[in-house]
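Protein chains in written order, with this note's numbering: chain C, 1 to 132; chain V, 1 to 132; chain Z, 1 to 132; chain D, 1 to 132.
Note that these hints are calculated values from the structure, not bench results. The reader is advised that the hints may include incorrect statements.
Some chain C residues near chain V, calculated using beta-carbon distances under 8 Å [claimed, not checked]:
1. R8
2. D78
3. Q80
4. A84
5. A88
Beta carbons: idealized from backbone N, C-alpha and C, even for Gly.
4 protein chains.
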Amino acid sequence: MTVTDMLRAHPQAVADTDAVARCIDECLRCTFTCTSCADADLDEPDVQELVVCIRRCLDCADVCHATANVLARRTAFDPQLGRAVVEACLRACRLCAEECERHAAHHEHCRLCAEECRRCEQACADLLGSIA
Amino acid sequence: MTVTDMLRAHPQAVADTDAVARCIDECLRCTFTCTSCADADLDEPDVQELVVCIRRCLDCADVCHATANVLARRTAFDPQLGRAVVEACLRACRLCAEECERHAAHHEHCRLCAEECRRCEQACADLLGSIA
Amino acid sequence: MTVTDMLRAHPQAVADTDAVARCIDECLRCTFTCTSCADADLDEPDVQELVVCIRRCLDCADVCHATANVLARRTAFDPQLGRAVVEACLRACRLCAEECERHAAHHEHCRLCAEECRRCEQACADLLGSIA
Amino acid sequence: MTVTDMLRAHPQAVADTDAVARCIDECLRCTFTCTSCADADLDEPDVQELVVCIRRCLDCADVCHATANVLARRTAFDPQLGRAVVEACLRACRLCAEECERHAAHHEHCRLCAEECRRCEQACADLLGSIA
C-alpha cells in the first residue's frame with residue numbers, strides 16, 4: 001500500500017497525483033525522523049549544543065504532520081490554504097536541515113534527519129510549482 | 001493557570017506576550033471547537049450538506065494545533081516560520097468561519113464554531129502585525 | 001465559549017457532560033503547558049538535568065492532544081477505546097507531574113506544569129469512573 | 001532512510017528494534033491511510049452510510065500518530081506508558097478495520113484502509129508481547 005494507491009482510490013481526481021503523493025510521503029517520513037532526532041539529541045552528552053536542533057526538529061515534525069493531513073484531504077481542497085501550509089512546511093524543513101547539517105559530522109541521526117528534511121523541502125518546492 | 005503565566009515563566013522573554021498568548025489561547029480553543037463541530041456535523045441528518053464544513057473544520061483543527069505548538073516554543077524562535085504558520089492558520093480559520101456561517105442558522109455548533117474561528121482569525125491577524 | 005457549550009450543541013447527548021468537558025478542558029491546557037515546559041527546559045542553563053522532563057512533557061502533550069480529540073467526538077463513541085485512551089493519558093500525566101515536581105523548586109514553568117498535569121491526571125481518573 | 005536506520009542511530013539501544021520499527025512504520029502509514037479514507041468517505045454519494053467509518057478513521061489517525069511519537073522516543077522510555085498507548089492503538093485499529101471491512105466491497109479506499117488497520121493492529125499486538 002502506497003500513498004499513491006490511496007489518492008487513486010479517492011473519488012476526487014487529483015491533477016498532480018505524483019507531486020502530491022511524494023510531498024505527503026516525505027512529510028510522513030519527516031515527521032517521524034524529526035521526532036526521533038529530537039529525542040536522540042536529548043540522549044547525547046553534548047545536549048547543550050543541540051538545543052536549537054531539538055527546537056527545529058519539534059517545529060518541523062508538527063508542521064509536516066499538519067501538512068500531510070491537509071494535503072491528504074482532496075474534498076473541497078483550497079489551493080490558497082494548500083500553498084500557505086506547504087510554504088510553512090518548506091520553511092520548517094529548510095531551517096531544520098540547516099541546523100542538523102551543522103551536527104551531521106558528529107551525529108548520524110542528525111545526518112539522516114538533514115537528508116530527510118532536504119528531501120521534504122524539495123518535495124514542497126516541487127508541489128508549490130503545481131498548486132494552481 | 002493561563003497561557004500568559006507559562007510564557008512569563010519561560011526563560012526567554014517574549015516581546016509581545018499578550019498578542020502571542022492570545023493567539024495560542026485561541027488556537028487551542030479553535031482546535032477543540034473545530035474537532036467537535038466536525039463530529040457534530042457527522043451526527044446531523046443533513047450530513048450531506050455539511051461535507052465541506054467537515055473538511056474545513058478538520059483542516060482548521062490541524063493547522064491551529066501546529067500553530068499553537070510553534071508559537072509556544074520561544075527558544076530560537078524563527079520569525080519567518082512563525083509568520084508562515086500564522087498566515088496559514090489565519091487562512092484556515094477564515095475558510096472554516098465562512099463555511100460554518102452558512103450553517104449557523106440551523107446548527108448551534110456551527111454558530112459557535114464560526115465565532116471561535118473568527119476570534120482565532122483576528123488573533124492571527126493581530127499577531128502578524130507584531131512578528132518582526 | 002466553553003467546552004461544555006460545544007458538547008451541549010452536539011446532537012448526541014453526553015451522559016456525563018461535566019466530567020467529559022472537564023477532561024477535555026484539562027487535556028487542552030495540558031497539551032499547551034507540556035509543550036511550553038519542554039521548550040522552557042531547553043532554554044535553561046541546566047538543560048542536561050532536564051532531559052527526562054523534556055521527554056515526559058513531549059509524551060504528555062501528544063497523548064493529551066489525542067485524548068482531547070477522541071473525547072470530543074461523541075458520534076458512535078466507543079467506551080472501550082475511550083477508556084484505553086484516558087488510561088494512557090492518566091499515566092502520561094502522572095509521569096510528567098512526578099518529573100516536573102522534582103524541578104518545581106528551581107523552575108516556575110515546571111511548578112506550573114506539574115500542577116496542570118496533576119489536574120489533568122485527576123480529570124482522567126474522575127472520567128474513568130463514569131465511562132461505562 | 002528507514003525507521004530502523006533512525007532507531008539504530010539513536011544513542012539509546014532498543015532491545016527489540018524490529019518490533020518497534022515495524023509498529024512505528026505501520027502507525028505512520030495508518031495515520032495517513034485513515035486521514036485519507038475519512039476524507040474519501042466525505043466525497044462519496046452514500047456519505048450518510050459512512051458516518052461511523054469517518055469517526056473510526058479520525059480516532060485511529062489521532063491515536064496512531066500519538067503512538068508513533070511515543071514509540072519514537074527512546075530516552076527514558078516508560079514501558080507502562082508504552083503499553084497503555086499501544087493497547088489504545090490496537091483497539092483503535094481494530095475498530096476502524098471492522099468498520100472499513102463493512103464497506104470494502106463498495107469502496108476501494110475502505111478496502112485499503114481496512115488492510116492497513118489490520119497490519120497496524122498486528123504490529124501493536126506483536127509489540128505488546130515484547131514491551132517488558
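Please check whether A84 (chain C) passes as an interface residue: C-beta within 8 Å of a C-beta belonging to chain V.
The hint holds - A84 (chain C) has a Cβ within 8 Å of chain V, the shortest such distance being about 4 Å.
Cut-off 8 Å, beta-carbon criterion: hint that Q80 (chain C) touches chain V:
holds, 6 Å
For the hint on R8 (chain C), does the least C-beta distance to chain V fall short of 8 Å?
Violated. Min distance 20 Å.
Per the CB criterion, is D78 (chain C) less than 8 Å away from chain V?
holds, 6 Å
Against chain V, with CB atoms and a cut of 8 Å, does the hint on A88 (chain C) hold up?
Holds: closest Cβ of chain V sits about 4 Å from A88 (chain C), inside 8 Å.
Going through the hint list in order, the structure does not satisfy hint 1, though it satisfies all others.
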